[in-house]
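With the hints as extra help, turn the sequences into a complete structure.
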Amino acid sequence: MSVDWLQVLDAEGNVDKSLEPALDNKTLEKFYRTMVLTRLFDDKALKLQRQGRMLTFGSCLGHEGCQIGSAFALEPDDWFFPYFREHGVQIARGIPMKFIYIYWMGSEDANMNLPPKNFTVAIPVATQIPHAVGAAWAAKIRKQNIAVAVYLGDGATSEGDFHEGMNFAGVFKTPTVFICENNQYAISLPREKQTASQTLAQKALAYGFEGIQVDGNDALAVYSATKAALQKAKSGGGPTLIECFTYRLGAHTTSDDPTKYRQNAEVEEWRKKDPIKRFRLYLEKKGIWNQSYEDNLVKDCTAEVEKAVEEAEAYAPVVENMFKYVYAEITPGLKEQMDELQSFIAKRKEG
Amino acid sequence: MVEIKFPDVGEGITEGTLVKWLVKTGDEVKADQAVAEIETDKAIVEIPTPKAGKISKLFGKEGDILKVGSTLASLALPGEEIRAPEVKPEAKPEAKPIEAKHVEARAEIKIPEKPPEMPSRVLATPATRRLARELGVDISKVAGSGPGGRVTDEDVKKFVETPTKPAEVKPPEVTPPEVAPEIKALEERIPVKGIRKTIGERMVKSLFTAPHVVSMDEADVTELVALREKEKKAAEEKGVKLTYLAFIVKAVTVALKQHPYLNASLDSQKNEIVLKHYYNIGVAVDTPEGLMVPVIKNADQKSIMELAKETEMLAEEARNRKIKLSDLKGNTFTITNIGSIGGLFSTPIINPPDVAILGVHRIRDMPVAINGEVKIRKILPLVLSFDHRVLDGAQAARFMNTLMEHLKDPDLLLVDVM
Numbered sequence: 158m159s160v161d162w163l164q165v166l167d168a169e170g171n172v173d174k175s176l177e178p179a180l181d182n183k184t185l186e187k188f189y190r191t192m193v194l195t196r197l198f199d200d201k202a203l204k205l206q207r208q209g210r211m212l213t214f215g216s217c218l219g220h221e222g223c224q225i226g227s228a229f230a231l232e233p234d235d236w237f238f239p240y241f242r243e244h245g246v247q248i249a250r251g252i253p254m255k256f257i258y259i260y261w262m263g264s265e266d267a268n269m270n271l272p273p274k275n276f277t278v279a280i281p282v283a284t285q286i287p288h289a290v291g292a293a294w295a296a297k298i299r300k301q302n303i304a305v306a307v308y309l310g311d312g313a314t315s316e317g318d319f320h321e322g323m324n325f326a327g328v329f330k331t332p333t334v335f336i337c338e339n340n341q342y343a344i345s346l347p348r349e350k351q352t353a354s355q356t357l358a359q360k361a362l363a364y365g366f367e368g369i370q371v372d373g374n375d376a377l378a379v380y381s382a383t384k385a386a387l388q389k390a391k392s393g394g395g396p397t398l399i400e401c402f403t404y405r406l407g408a409h410t411t412s413d414d415p416t417k418y419r420q421n422a423e424v425e426e427w428r429k430k431d432p433i434k435r436f437r438l439y440l441e442k443k444g445i446w447n448q449s450y451e452d453n454l455v456k457d458c459t460a461e462v463e464k465a466v467e468e469a470e471a472y473a474p475v476v477e478n479m480f481k482y483v484y485a486e487i488t489p490g491l492k493e494q495m496d497e498l499q500s501f502i503a504k505r506k507e508g
Numbered sequence: 003m004v005e006i007k008f009p010d011v012g013e014g015i016t017e018g019t020l021v022k023w024l025v026k027t028g029d030e031v032k033a034d035q036a037v038a039e040i041e042t043d044k045a046i047v048e049i050p051t052p053k054a055g056k057i058s059k060l061f062g063k064e065g066d067i068l069k070v071g072s073t074l075a076s077l078a079l080p081g082e083e084i085r086a087p088e089v090k091p092e093a094k095p096e097a098k099p100i101e102a103k104h105v106e107a108r109a110e111i112k113i114p115e116k117p118p119e120m121p122s123r124v125l126a127t128p129a130t131r132r133l134a135r136e137l138g139v140d141i142s143k144v145a146g147s148g149p150g151g152r153v154t155d156e157d158v159k160k161f162v163e164t165p166t167k168p169a170e171v172k173p174p175e176v177t178p179p180e181v182a183p184e185i186k187a188l189e190e191r192i193p194v195k196g197i198r199k200t201i202g203e204r205m206v207k208s209l210f211t212a213p214h215v216v217s218m219d220e221a222d223v224t225e226l227v228a229l230r231e232k233e234k235k236a237a238e239e240k241g242v243k244l245t246y247l248a249f250i251v252k253a254v255t256v257a258l259k260q261h262p263y264l265n266a267s268l269d270s271q272k273n274e275i276v277l278k279h280y281y282n283i284g285v286a287v288d289t290p291e292g293l294m295v296p297v298i299k300n301a302d303q304k305s306i307m308e309l310a311k312e313t314e315m316l317a318e319e320a321r322n323r324k325i326k327l328s329d330l331k332g333n334t335f336t337i338t339n340i341g342s343i344g345g346l347f348s349t350p351i352i353n354p355p356d357v358a359i360l361g362v363h364r365i366r367d368m369p370v371a372i373n374g375e376v377k378i379r380k381i382l383p384l385v386l387s388f389d390h391r392v393l394d395g396a397q398a399a400r401f402m403n404t405l406m407e408h409l410k411d412p413d414l415l416l417v418d419v420m
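Residue numbers (our numbering), protein chains in the order written: chain L, 158 to 508; chain P, 3 to 420.
Heads up, incomplete: computed chain L residues facing chain P, CB under 8 Å, no partners named:
#, residue
1, Lys-204
2, Gln-206
3, Arg-207
4, Gln-208
5, Gly-209
6, Arg-210
7, Thr-213
8, Thr-411
9, Ser-412
10, Asp-413
11, Ala-422
Calculated directly from the structure, the hints in this document are not laboratory data.
Quick caveat: nothing in here was measured; it's all calculated off a predicted structure.
Backbone N, C-alpha and C fix where the C-beta goes; we use that ideal spot for every residue, glycine too.
Below, the structure written as structure tokens:
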């Protein structure tokens, strides 16, 4: 039993021709655009939070390779279960940025507007895993030709929900692809203190299915690994755990100060492996990218982000929605809470 | 005009310290450009401006504590004239609009070193107020060092320790040389606060005011070792760990009675030496947070067993930070037991207001010449640091002789006590 390691692009954007996925130039450009858009979206979110215009936010800076690479392997009919850092996957899946901002500004209304097959964000660690495995099992029973991608961090692998979900997926051979974004820290806890295992991918072996370790800063490697895992899942081959070996370049969330637990030198080393930089170099070698291409792209994406912010801030949330859409039909308990809140608001308006 | 606010950048923070301005009045800024660095309980964060424009006023100066929601700066939007911030209704009617230029000039006014008058309502937690009541301190007289001038437990304790404030002794100021960033990355910075800070301040004061003299000796404790070995078990049955330290504390009190100038302090304002006819022995204890010195009160009136028991108990309380403030005060002489950890000799710093401190080191087997023959004996190295303003070498040596006699022949302890 062993765990494979996959890298297609090195840090300088050199491609391993034997492993290069067959993607046309247009698709590659879309890859790159989504990564750049994600980074600008993310940076803007941090600024909004520091201006008091948004609530706590977890940056995905550095995760663009694992997120966009895997998202582009998914079909629209495949399910997507995020934890809370997958802004890149959400954008690639076509969730309007406006709604992603609205969610992090504190309104559940954003969840009502999710396109089909996109599950809501999970703030508690690893709770999305059993949900995703259940959805995959349901698809199997219904004989639907789809798979489920569930995202998790390195910290989630220490949770009971991870064990239960992985075990169930292994036993029932559910069409689940576990995408673990190992960014080396669970808030402040370094990876080597998370588990004594040499890799996170090898945990799959214990549950009786395949685990693979992928260079998470290499969007092409993540794409290939996810594509293969999804195909296997849909053809009855069961689940796969993909460990994307990456690094969170920013803080855990806006409430975190990473300088308290890691060295700047380490961050600088990882900056050299930036997923966007290496994809840019790859496109440059292919004759697609040049400076004016970059300038236009950044200009377009910035305008798109600014527009999304404007729309999000103009959006007036409806408080009742947080009660109405928990279940298909509102339960008596929730109805009571909703009535209480409504009369409180009415009274406050009078007073 | 737009106001740039300091929002809740953490989760439920209420205030932050303005670390650094990143812009100055009159600067043109782009939207999302950082204007200030603010340190909260959680992190140092940069606050960006929501809009582009020209900074027309900065509120507050570096080092100020800011409340969440307060205004950091006002920003004139493109097309707007820079003008004075609008006078709020609650402002005094005679307040005149200030020209931007004056605003800049005002920023240069030096703030006097003296802290501002304490507000009539003292900021302090109920626990701190209780501590002040217990120690008989009027909390309104204590200068607060906490955020917004809040009085902390430390402030109250410090106030008690220094009723009359002596001239502050400052160590020579050393400006650290500029460190290259790649070196900085390999360094770690630990804030000096709490016990660490108190130790530092007290030790600097002691070493820079009291001229220290150190004398060293070796006591032959072969018989004491035998006695302890013999009685250890009996003590254990009574639940007491019979330590050498207990014997040493006892011997020290006996020696102090015979040499009263060692159990004293110096009142430098009145130019008087205060001889103390009570014997409170401080015992330095290594705790995770730094050195603490619990005090055994009236040690001369306690038996060796009682001393062993009390030392153990106080040390435990100090290590768990459960010790009462009153058990850390009132020392007349201090013992530091370095031997349990290591080191052959050391030069301890006097623990104010004492005039001497005894360092006790590790007992070890040494060849000793006795009546022309080499014998292996148990040797205890002893170090005495004393204040030369109060004591001379001869007095110190006599004290050490008495102490060593009693450690060499522990039966004497019995005789002296009775």
